[in-house]
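Asks: One letter stands for each residue in the lines below.
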Amino acid sequence: MIQKLLRITMILGLLAVVGGLGRADVLRANDDRDRDNRRPPQVLPSGFESTDRLLDDVERAENAPRYSAWIVESSRFLNVPHRAFQPDVGDPPFVDLPVNVGILKDRDGKITLYDSGWKQLAYIFDWNTSCCWYGLRNQLRAIGLNPDDVIRIVLGHGHWDHAGQLSEFPNAVVYIQKEELKQIDFFLNYPVDFNSGHIRAVNTVDPLTGAQVGPPAQACARTPVCGYPPQTVQEILGKVLHGKAKIVDGRHEITRGLVIHPAFRGHTYGSQLLQVNTTRGQLVFGSDTYSSWTGIRDWFVANIQQTDTVQQFLAYEKCYVLTSRLNSFNNCIAAHEPVSYTAAYPITSNWWNIPNGNCSRAAELTLANGERTHVPANPDRTPPGQCVSVIPPHTISP
Amino acid sequence: MSAEETLTLTSIRGLSDLPVGAAMGAGRSSAETMMSRASVLLQLWMTPKMIILGLVVVGLVGVLTFATSREVARTATPVTATVMPPARPTRPALSPVEEAFIQALWPIHGEVQRSLMRTSLGQILYKTSDLSRAELKARMEQAQVVYGRAETSIRALEPPASLRNDHQIYLDGVRLLRESAVEAMKMFKDGREDHLLTAYPKSQEASDKIREVGGKFWPNEFPPN
Numbered sequence: 070m071i072q073k074l075l076r077i078t079m080i081l082g083l084l085a086v087v088g089g090l091g092r093a094d095v096l097r098a099n100d101d102r103d104r105d106n107r108r109p110p111q112v113l114p115s116g117f118e119s120t121d122r123l124l125d126d127v128e129r130a131e132n133a134p135r136y137s138a139w140i141v142e143s144s145r146f147l148n149v150p151h152r153a154f155q156p157d158v159g160d161p162p163f164v165d166l167p168v169n170v171g172i173l174k175d176r177d178g179k180i181t182l183y184d185s186g187w188k189q190l191a192y193i194f195d196w197n198t199s200c201c202w203y204g205l206r207n208q209l210r211a212i213g214l215n216p217d218d219v220i221r222i223v224l225g226h227g228h229w230d231h232a233g234q235l236s237e238f239p240n241a242v243v244y245i246q247k248e249e250l251k252q253i254d255f256f257l258n259y260p261v262d263f264n265s266g267h268i269r270a271v272n273t274v275d276p277l278t279g280a281q282v283g284p285p286a287q288a289c290a291r292t293p294v295c296g297y298p299p300q301t302v303q304e305i306l307g308k309v310l311h312g313k314a315k316i317v318d319g320r321h322e323i324t325r326g327l328v329i330h331p332a333f334r335g336h337t338y339g340s341q342l343l344q345v346n347t348t349r350g351q352l353v354f355g356s357d358t359y360s361s362w363t364g365i366r367d368w369f370v371a372n373i374q375q376t377d378t379v380q381q382f383l384a385y386e387k388c389y390v391l392t393s394r395l396n397s398f399n400n401c402i403a404a405h406e407p408v409s410y411t412a413a414y415p416i417t418s419n420w421w422n423i424p425n426g427n428c429s430r431a432a433e434l435t436l437a438n439g440e441r442t443h444v445p446a447n448p449d450r451t452p453p454g455q456c457v458s459v460i461p462p463h464t465i466s467p
Numbered sequence: 736m737s738a739e740e741t742l743t744l745t746s747i748r749g750l751s752d753l754p755v756g757a758a759m760g761a762g763r764s765s766a767e768t769m770m771s772r773a774s775v776l777l778q779l780w781m782t783p784k785m786i787i788l789g790l791v792v793v794g795l796v797g798v799l800t801f802a803t804s805r806e807v808a809r810t811a812t813p814v815t816a817t818v819m820p821p822a823r824p825t826r827p828a829l830s831p832v833e834e835a836f837i838q839a840l841w842p843i844h845g846e847v848q849r850s851l852m853r854t855s856l857g858q859i860l861y862k863t864s865d866l867s868r869a870e871l872k873a874r875m876e877q878a879q880v881v882y883g884r885a886e887t888s889i890r891a892l893e894p895p896a897s898l899r900n901d902h903q904i905y906l907d908g909v910r911l912l913r914e915s916a917v918e919a920m921k922m923f924k925d926g927r928e929d930h931l932l933t934a935y936p937k938s939q940e941a942s943d944k945i946r947e948v949g950g951k952f953w954p955n956e957f958p959p960n
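For the protein sequence lines, the chains are A and B, in the order given. Numbering-wise (the working numbering), the first sequence opens with residue 70 and increments by one. Numbering-wise (the working numbering), the second sequence opens with residue 736 and increments by one.
One should not assume that every hint holds.
[Claimed, not checked] Mimicking PhoX-like on lysine-lysine, the simulated pairs with C-alpha atoms at most 20 Å apart in a straight line are:
1) B:K862 - A:K247
2) A:K313 - B:K921
3) B:K937 - A:K315
4) B:K872 - A:K313
[What the hints assert, rightly or not] Far from chain A by the CB rule (all over 10 Å, computed), these chain B residues:
5) V832
6) I859
7) S867
8) R890
9) R899
10) D925
11) L931
12) S938
No wet-lab data here; the hints were simulated from the structure. Every residue, glycine too, gets a C-beta built ideally from N, C-alpha and C.
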């Protein structure tokens with residue numbers, strides 16, 4: 070009898086232990102559909118999305134309309150120290166970085182842009198380390214698309230090289246994360262008591278000496294406000310005041326087959342991805358959270374700005390999940406991948422120099438809805454090293 | 736002892752144990768003898784141990800080949816060649832007077848930019864109900880003070896002849912900001928939010944002017960990101 074009781078007690082004890090482990094709600098992240106009321110108020114949800122939720126989005130999108138997709142190169146940073154871009158990859162020591170903009174056309178012919186390139190002509194002219202800038206409207210025309218068909222612009226983040234030219238598309242609705250805007254505002258006013266103003270620095274001036282500090286010793290390159298010139302924020306304000314902005318908070322389905330996924334701190338505080346349903350599976354555009362495609366492939370961080378490297382990896386994983394049915398990481402679309410427009414980045418291999426496009430390039434990623442190819446019959450594939458770009462129109466002379 | 740050495744020793748031992756004399760004594764042809772030898776050899780080789788050993792070796796070779804080819808592919812990834820630098824004039828060195836002017840403008844520039852950012856974001860966050868009307872008003876009032884002070888300070892600067900045009904553009908920019916702020920402030924008197932929209936074109940033009948001059952005076956102000 071005693072032995073029986075002992076056995077029952079042991080079994081119950083074991084069940085209790087197993088049950089305790091199984092509960093594990095402290096260890097396991099909650100699905101974002103479950104509200105966690107116990108989360109301390111100062112902790113942000115950080116755009117968490119469960120794998121199951123992402124796979125739901127894949128399944129849903131697969132039954133949605135498909136999109137044709139291209140990228141164009143808004144401009145190109147030249148001779149960037151490789152390790153400044155990818156700390157774990159230093160060969161070759163300097164690289165050229167394209168600034169890629171995504172173009173998505175739906176079955177009704179309407180266009181959604183992912184990012185909008187840059188606007189700062191003076192920067193290109195004066196700094197002299199960039200090339201190939203060409204206005205986005207002209208780029209669209211030159212590859213056979215109508216810029217007036219642009220109805221949406223999804224901003225992967227708000228940095229100047231990705232959120233410029235918004236005013237060129239007055240009818241387009243801009244999508245940006247609230248988190249992105251709130252963080253700039255928060256850090257603009259950050260106290261200076263213990264950091265001499267470093268944390269709230271808005272540009273490359275050393276707050277201690279007042280001296281202008283350029284690369285490589287950039288005073289603000291990693292500060293939260295750096296990268297958002299007033300001009301860029303003004304353009305976003307213009308959209309808001311004209312009722313042409315949607316301030317998004319986390320995941321958001323724009324329309325069927327087009328889903329925004331948060332990637333908070335993947336590059337900036339309010340970075341966001343865009344899942345697009347296509348004939349080659351789900352494409353995931355990542356702006357600077359996906360600065361480097363080889364970085365996603367090989368699990369290296371890239372372009373660390375206001376980045377939490379763990380969050381960048383988790384954003385990489387989101388792409389792996391969303392593309393798990395077809396083509397995997399090959400469908401992750403990077404903004405600054407040095408091997409863009411070559412066979413080494415397969416999805417961008419069908420590329421050409423944009424006619425009269427100042428050496429900027431375009432690539433056709435995938436077609437749908439009977440869309441015919443926009444690649445010219447005899448595409449100009451003059452290598453970058455042999456293409457001569459010119460100074461864009463510029464209002465102030467040196 | 737490595738796997739390869741074990742294999743060699745086993746083979747030698749197998750050969751020495753062959754019943755060669757018995758086979759020849761039966762008067763078989765040399766071809767038959769060869770075949771018989773091969774069959775015996777095969778029997779000796781086809782032990783479970785040898786099969787496992789073989790599989791392990793094949794597996795190892797496979798892993799090594801895959802790893803090597805992956806490494807080669809990774810290091811062979813081509814990187815975009817440097818584009819030919821655009822033909823453009825060399826930036827002329829600044830004279831001491833020009834440098835002094837630009838340095839004097841710097842703290843004003845910083846203050847103007849910060850105020851412009853705070854009012855722009857203030858309006859956005861007001862529209863999203865993340866900032867109260869009173870908070871926005873406070874920001875706009877503060878900005879008005881900054882723009883007024885900046886205008887006075889910039890007027891007091893004496894630019895060298897070479898930078899007079901830039902000086903004027905910057906001054907125009909700050910004037911536009913002040914005027915824009917005055918227009919926006921009307922919202923707090925009559926409650927009509929469309930004053931923000933009316934005020935906007937001036938602040939947008941101002942931000943373009945300030946960016947242009949800033950790009951010239953402080954070319955590294957906003958680094959690549």
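Asks: Kindly indicate which numbered hints from before are broken by the structure, ordering the numbers from low to high.
Replies: As far as the earlier hints go, 2, 3, 4, 6, 11 and 12 are violated by this structure, in ascending order.
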